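Each chain is listed here by its residues.
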Amino acid sequence: MVVPAGSLVFAFFASGLVLLATGHDPLGSYRQIFDAAFVNTGALGQTIVSATPLAFTGLAAAAAFRMRLFNIGGEGQLYIGAITGAAAGLYFGGSGSSSAFAIAAMVVAGCAGGAAWALIPGVLRAFFKTNEIITSLMLNYVAGYLLTYLVFNTESYWRQTTGFNATVFPTGKPLPASAVWPEATVHVQGGIGLPLGAGIAVLAALVLWVLYRRTRFGFEVQVLGDSPRAARYAGMRTRRKILAVMAISGALAGLGGASQVGDFRHTLDADPNGMRKQYYGYAGIVVAALGRYNPLAVLLVAFLIGGLQNAGNTLQGADFPSGLVGVIQGLILFSALGGELLVRYRLRLVRRAETPAAAVEAA
Amino acid sequence: MNNSLLVVLLATGVVYGTPLLFAALGELLAERSGVLNLGVEGMMLVGAAMGFWTVQRLHAGTGLSLAAAIGVAAVAGAAMATIHAFLVITLRASQIVSGLALTIFAGAAGLSSYLGNDLNLASNPAAHQFNAVFPSSMQNWPIVGPIVFGQNVLVYASWVCVVLVWLYLTRTRPGLNVRAVGESPAAADAMGIDVSAYRYAHTLAGGAFAGVAGATFTLAITPQWVDGITGGAGWIAIALVIFAFWRPELCLVGAYFFGALQALAPELQARNIHVGPTVLWTNALPYVMTVVVLVLVSASGARRRLGAPAALGVAYVREER
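Line by line, the protein sequences give chains A and B.
Note that our numbering has the first sequence beginning at 1, numbered continuously upward.
Note that our numbering has the second sequence beginning at 1001, numbered continuously upward.
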């Protein structure tokens, strides 16, 4: 608890220096951020909107990183989940099947899409020992170009092809009403929405926590992460675990993509200034690292970072320095990384050897 | 003849490939010393912003302004790399997470955007920019004209850098030491080589190259400032180092190949040539090819032969020697 809290404090202190150095008022800016994130009317609702995808990508990163599988493809897996989720929503939402069935189909499709995309680096890692960091990262761009292509460069199933707007600016086809995910209203700040996706994220975090803390599978994953050699000698199946963990991680990120379509955007959003500009997949890594890969902590951190991201979106333009949110996020991650080592490395006082002979003896 | 597809592609490939080449050379130096830096995109963007700022604010002649801008961009890139170096070399933090943090911190939604906004960079196009060096009569020579003589100083400088990096790594004592540090830091340490110092120096040099790469965008390719102007080139540069098997001379080939791919989609469209989903595969090809190459590199035994530094990504802890 000390490290995450300490790194938040340090990050705000350091970005305060950046603000001071460039002639801004740090306390004023922080006040603005805090108000826009949590205090203003409807701010909490918007923060939950930003926090939901971060919870999914954060859980995705946490699930993989815990085994030292560095799946940094959350961004691409989220895009693919959005594509497959949108396909399911468009298909079943318009086919006269019940709303619950359409939504369930979107959830399953989102999971499956994200998992399939994550299994590409997973299979390459399991069978060819190919470094998953770079491959999952490269596939982010492939997924991004695929997303753009489906809406902007071809008359695909996902693209709106009729109506006036379609001739002016390409957009995704709107989701039929029966495939739109419901939300519960909470009477705070004049009524804020709790999207279905947020509920699913909480559920997913609980499941992941139980899976990693209370099952044999989770135990083996942790051993594989901490000491692959010991795990191999104990007869654990490395390959299967790699595939399973990558699939779980990708499914979580893909679920985030389906939630983007079902909960918030109600279409496949390929706009470079829309979903893609939020960099949910990369920010999820910050969330996971700050939550120290603990699923429940990830939820809390997602809420805080979501607040930050929401403030960044709301305060854009005006007299609020753009890019500040990224600076703060980066600094949080730097200090979490640095702080981790301060905890791990304690200062030990060892008596210096007086003479070379004693030194040899001590060695 | 100079309008034929191949010549146009090669000429634009050199233009777009130059920032990739600079960034890849820098990343190669860092990786050869054992430090993987995924923050290239962030370092490039900060270099791009600071280089551009220098040209706008420094009221001097074209040559002096541009030279100063390149210098400032290099320093800015190296400054960003210092954060990464401190975290991964001194504090031995995870190189992957730290590099990502650097890109988030400095990248398109971070410090570079902050600086661009605060220094008001987007309001004007560049006051000075790098132009083609040779007279237009030479640029019209068949084939070699547009490809070789139609370029700016940065392109020729990048060629010199390739030769210098190659000479450095293969023909000089410090260069051989770097390779030792990257392959087996424990053995290097036993030889009396200061592992940390070498890693710091090469990570910072990598940052400086990335800064210059960024400035290539704002001072030569599209002489203006917009948020995220590098558009993912930093990631391609990281891919390029693998693609080139960690060898500078192959970086040159790879950079122009990836550069030409970037020019392929608009060029094919302009000529009304359609080969399947052209926009999709031309854009995605560099990334897909990197994945393929990576699989080949990681296949058993090949990794050694193809030159991946053995200690890449691994922190050196003297006590565990």
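FYI, nobody ran anything at the bench for these hints, they're computed from the structure.
All values reported here derive from a predicted model rather than from experimental measurement.
It is possible that part of the hints are untrue.
What the hints assert, rightly or not - Okay, the calculated bits of chain B under chain A, using three or more residues with CB under 8 Å as the criterion:
| id | stretch |
| --- | --- |
| 1 | 1046-1054 |
| 2 | 1115-1128 |
Stated by the list, open to error - The calculated SDA-like cross-link candidates involving lysine to any residue, where the alpha carbons are at most 25 Å apart (straight line), are:
| id | chain 1 | residue 1 | chain 2 | residue 2 |
| --- | --- | --- | --- | --- |
| 3 | A | 129 | B | 1250 |
| 4 | A | 277 | B | 1232 |
| 5 | A | 277 | B | 1250 |
Unchecked claim - Heads up, incomplete: computed chain A residues facing chain B, CB under 10 Å, no partners named:
| id | residue |
| --- | --- |
| 6 | 149 |
| 7 | 152 |
| 8 | 154 |
| 9 | 236 |
| 10 | 237 |
| 11 | 238 |
| 12 | 239 |
| 13 | 243 |
| 14 | 327 |
Just so it is clear, CB atoms sit at the ideal spot from N, CA and C, and this is done for glycine as well.
Verification of the supplied hints:
1. 1046-1054: Not satisfied, violated; 0 residues make the cut.
2. 1115-1128: Our answer is that it holds, as 4 residues pass the Cβ test (under 8 Å) against chain A, meeting three.
3. 129(A) <-> 1250(B): Holds - the C-alpha atoms of residue 1250(B) and residue 129(A) are around 24 Å apart, at most 25 Å.
4. 277(A) <-> 1232(B): holds, 13 Å
5. 277(A) <-> 1250(B): violated, 34 Å
6. 149: holds, 4 Å
7. 152: holds, 8 Å
8. 154: holds, 7 Å
9. 236: violated, 22 Å
10. 237: violated, 20 Å
11. 238: At about 15 Å, which exceeds the 10 Å cut-off, the nearest Cβ of chain B leaves the hint on residue 238(A) violated.
12. 239: violated, 15 Å
13. 243: violated, 16 Å
14. 327: holds, 5 Å
Violated hints, in rising order: 1, 5, 9, 10, 11, 12 and 13; the structure is consistent with all others.
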